Amino acid sequence: MQDAKVKGMIFNVQKFSVHDGAGIRTLVFFKGCPLRCRWCSNPESQLFTPERAFNPSRCLTAEVCGRCSKACPTGAMSVVEGLNFYDRSKCTGCGACVKACPTSAQSFYGYESSVEDIIRKVEEDDVFYARSRGGITLSGGEALAQPEFALALLREARHHRISTTIETCGCYPTEVLAEACTLLDQLIFDIKTLDEEKHKKFTGRDNRQILKNINYVFEHFPKLPILIRTPVVPGFNDTEEEIMAIRRMIPFRPNIQYEALTYHRMGQPKYGYIGRPYLLEGVTADEAFMKRLNQKLAAYQG
Amino acid sequence: MSQCCACLSPQEDRVINKKVDRAGRERVYKILERNQFTIPHVDVERAKYFTESMKTTEGELLTLRWAKALKNVAEKITVYITPDQLLAGRVGQLGRYGILYPEIDGDFYREVLGELDHRAKSPFQISDADKKIVMEEIAPYWEGKTYHEHLNKVIPAEIRGVTYDDERGLKSKFVVSETSSYRSALQWVPDYEKVLKRGFIDIQNEARERLDALDLTNSVDLWEKKPFYEAMIIVCDAIMIWARRHAELARRLAAEEKDPVRREELLEIGKVCERVPAYPATSFREAMQCQWFVQMFSRIEQKASAIISNGRMDQYLYPYYKKDIEEGRMTRVQARELLECMWVDMAQFIDLYINPTGNEFQEGYAHWEAVTIGGQTPDGEDATNDLSYLFLESKREFPLNYPDLAARIHSRTPERFMYEVALTVKDGSGFPKLINDEEVVFLNTVKGVPVNEALDYAVSGCTETRHPNRDTYTSGCVYINFASALEMVMHNGRMMHYGDEVIGLETGDPCSFKTWEEFYEAYKKQHLNLLRKAFQQQHIVDRLRPMHFAAPLSSVLHNLCMENALDLHTEKIPGGVDFSYFEFLGYATVTDSLAAIKKLVFEEKKLTMKEVLDAINADFVGYEPVQKMLMSAPRYGNNDPYADSIAKDIDRFTQVEAERSSRDRGIHVDVRYVPITSHVPFGNVICATPNGRKAWTALSDGSSASQGADENGPTADLLSNYHTKNYGMINRASRLLNVKLSPKSVAGEEGTRKVMDIIRTWCDLKLWHLQFNVVNRATLEAAQKDPNSYRNLLVRIAGYSAYFCDLSRDLQNDVIARTEHENV
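Read top to bottom, the protein sequences are chains H and B. Read in order, the letters of the first sequence correspond to residues 10 to 311 in my numbering. Read in order, the letters of the second sequence correspond to residues 68 to 891 in my numbering.
Be careful, since some hints might not be right.
As the list claims (entries may be wrong) - Pairs of lysine-lysine, DSBU-like flavour, derived with a Cα cap of 35 Å:
{"no.": "1", "chain 1": "H", "residue 1": "Lys130", "chain 2": "B", "residue 2": "Lys665"}
{"no.": "2", "chain 1": "B", "residue 1": "Lys514", "chain 2": "H", "residue 2": "Lys14"}
{"no.": "3", "chain 1": "H", "residue 1": "Lys79", "chain 2": "B", "residue 2": "Lys673"}
{"no.": "4", "chain 1": "H", "residue 1": "Lys130", "chain 2": "B", "residue 2": "Lys715"}
{"no.": "5", "chain 1": "B", "residue 1": "Lys695", "chain 2": "H", "residue 2": "Lys279"}
{"no.": "6", "chain 1": "H", "residue 1": "Lys108", "chain 2": "B", "residue 2": "Lys665"}
{"no.": "7", "chain 1": "H", "residue 1": "Lys108", "chain 2": "B", "residue 2": "Lys673"}
Rather than coming from a laboratory, the hints here were simulated on the basis of the structure. Being a predicted model, the structure only gives us computed values, none of them experimental.
When you get a sec, could you build the whole thing from the sequences and use the hints?
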């Protein structure tokens, strides 16, 4: 199939992204991820299928509005003691409530989109890329968990002279990453911990394939600009030893950067919208520790 | 996304953590802090001596009367030297002050003076003795003679109905508002460079030579040109007399001064004031003093809207700066101190609006004495120099809201200048605003300004441009509330605020419209009706003003006025280019409302017109779902072609009508999107609108998106602006665009780079104007709760920076409601 026509699942296209690669970029969020990180700030990205979400803070209440429960054919949306009540088990995902809702309190995370539709959207900001050397960043979810779609998008972006970047967890077959690296201007790759057991416990998968993949890239794409990132999560990997161990396994080369990300809870409300518990309730970042850590990282000389 | 306040802009850091670095700035902080937040005084002397002279000259040529009146003021007004100052020349008592221009609105001083000190917006205090002077010596003379009364008398009933809300023309209707009766002229930039290079003795000699060359057997020469040149000679005397009185005062103060350091300073002030502005300036210090005298005397001359601007300061001052630095006569730090001495005396002159309407338009002691930096030279080279950087440095390190700073940007603006502009923007006080040479020079050239002069434009007032020897249009221009046109479609020519009065056209019951085209046609009719009334109103204003206002100082500095022996306020001056404009209020409010109706009522049929009408009539109370549906329709500011194509079409048919009026009147009539602060009072008369906006709240501001509607980041803001401009038409002028960024989104070197990238792209897109607010929402909310702790917090409101705590609650809420662009 022509690259432009390939379709896949995404859940958002976000303009003016300034923290995800060089310049002013547009982020394309892919839906579906092989990992289940406990700290995930995009829980709506994990499943490969569209998900129904309900955001009560946008809801006008059943008393004022009530359009969703009237529209629902299966009784999944109903009014219980004056409040809108959503029973996920009865929901067939028909979307009647989403169409009826005036405030987007009822919504779907995830929709199918074609490469050409995404490129068209991304190109709206090309005048900004020209000045800032920005472009497209594939994010997610895990873009390369939909390999045919993601690679088609990268090829098409190249064809349109749009700079390409990906943020990836690295957990998929090596051939996929190798192919992607031939199409990328920058690779942003997560290494969460070097401890196999702990990785499995906190993300659902061990890190063998991930480490194998990044080492493959280090070896076979020695000139590719790479940014390795580690989310520093309290109670998981927030020790100097652990982070420095990651830093040491990364080759010290001018085209490879490393960044320790401060834990944040921006994603917490979304857990509620899709009816899942937030596993790191009450956890906060230790700013002083992060400051010390960043100083140490800045001083690292290989 | 939740707000995160961990990252503060430098301004927030200074205000919140009370960090002020006074090192090397003891003098200016001392002057500033003596009266920074006092309630300004009214100083009546200018009005008193102006009136005293005008009483004795009736029947003479107006320009000559004005010159004589200015000379009377120059001879008699109290002269001051602000303690610790290095520059002399204020036109009122110590502390913050404003002065009166009774020729504009002296007829209602008696009734409004008493309220000045306790009015809610921008109050002033006045002593009982001064009140007596106003009541007995000033006001009685002007009653029956002011411009404002004349306009009120002659304005025809059909135009009056959209203009005023009372018999006497004091209260605006906020539908088609004239702004000519609260100011004697539009913003203006005198040719400072001419005075620096030649001095007033030489300029006066030119007037004498022109006078001598007249043929007095010719009646035009005898009755019009002769008194004109006499006026030119007198006004040169007036400013030189005023300057010399400062020299005398300085020497007198020096004789009494005990501190030897200050004594020397005063003696130096005396020497400088003895020389300028009579003779050409020979040093940076003299150039600064000369500029300041010209600027302050221009303020005595007339109430130019939003104050006389400062012109291209980094250009005309540079030769003096360079010479003094090279010859070791002055250090960079001393130059900076002189600049900042000017800023702190500037901060004490407050533009006083007696007229309640004027006060609504320019809230928060508004001022736009624009200092222009950067840009290009008259032959198209980049003009940036070391002084350009010194202005930016001063703004970052001494972040006062004076002066208003404007940076001209063009396609070859050096990276360093761009970098320092971005750094200054990131400081968070809203400076500098940016004006785009790639749009302005092109447009002004097409409209008739010689290209070398077009390249040398100065930013003037809020976002306008001036060519000091080419521009000749000075009438205050009309503001049109197009949200009212929309309301009149919904209410068959009426406005809820004004009850049953038919203000617009009776276009019928909106529920009877079968198609979108019918609805849109009704809107167009209402829109064009207001537009035509506005043009008719402005024509009356243009004819009337020269009978009431003259400007001999501005005229003696203008080549075309001198060549033609015509006052700058003359209706037509040969060789001049007349840039008139009209203000479009509610661009995004109207666009979003029309888009919502088109989509939800006519295309998707999710709502009926009746439901929309009932909802807006109830101000959405009980109709919250309808309100939310309306707000979910495509909105301007998101680079959404659905909304943007409507906005572009409105701009197009507005320009078609403006082009017709331009031909009729022989001037340029251009649409402008710059509300100052007036989108708040204009919104106060508009009921709920079909974009979900609540009744009586602010309209959208300038060409910015509706408050909170731009959800797709600043790139979409800029692109919507771009896609709604009709680049193939020329009846257009400035578009004001506010973009708010959180400090976090532009943190660090990487963030500075992003700001530079946004600015470069904005330049590529040929948008006219851009300004940034880099401030956290949480900081603004905290300032609302505890104003005393946040007195220093500056925010950008439509073309200028004001202290947040000086603004009314309405406007504060408006600033807070603007979307803060942040991606984490």
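Evaluated hints:
Proximity of Lys130/H to Lys665/B is assessed by CA-CA distance (about 24 Å); at most 35 Å being required, the pair is judged to hold. A hinted pair counts as satisfied when its Cα atoms are at most 35 Å apart, and Lys514/B with Lys14/H does not qualify at roughly 48 Å. A hinted pair counts as satisfied when its Cα atoms are at most 35 Å apart, and Lys79/H with Lys673/B qualifies at roughly 16 Å. Between Lys130/H and Lys715/B the CA atoms are separated by roughly 21 Å; this keeps the pair inside 35 Å, and the hint holds.
Restraint check: the Cα-Cα separation between Lys695/B and Lys279/H comes to about 21 Å, which is no more than 35 Å; the hinted pair holds. The hinted pair formed by Lys108/H and Lys665/B meets the criterion: a straight-line CA distance of about 18 Å does not exceed 35 Å. With a C-alpha separation of about 10 Å, the suggested pairing of Lys108/H with Lys673/B holds against the 35 Å cut-off.
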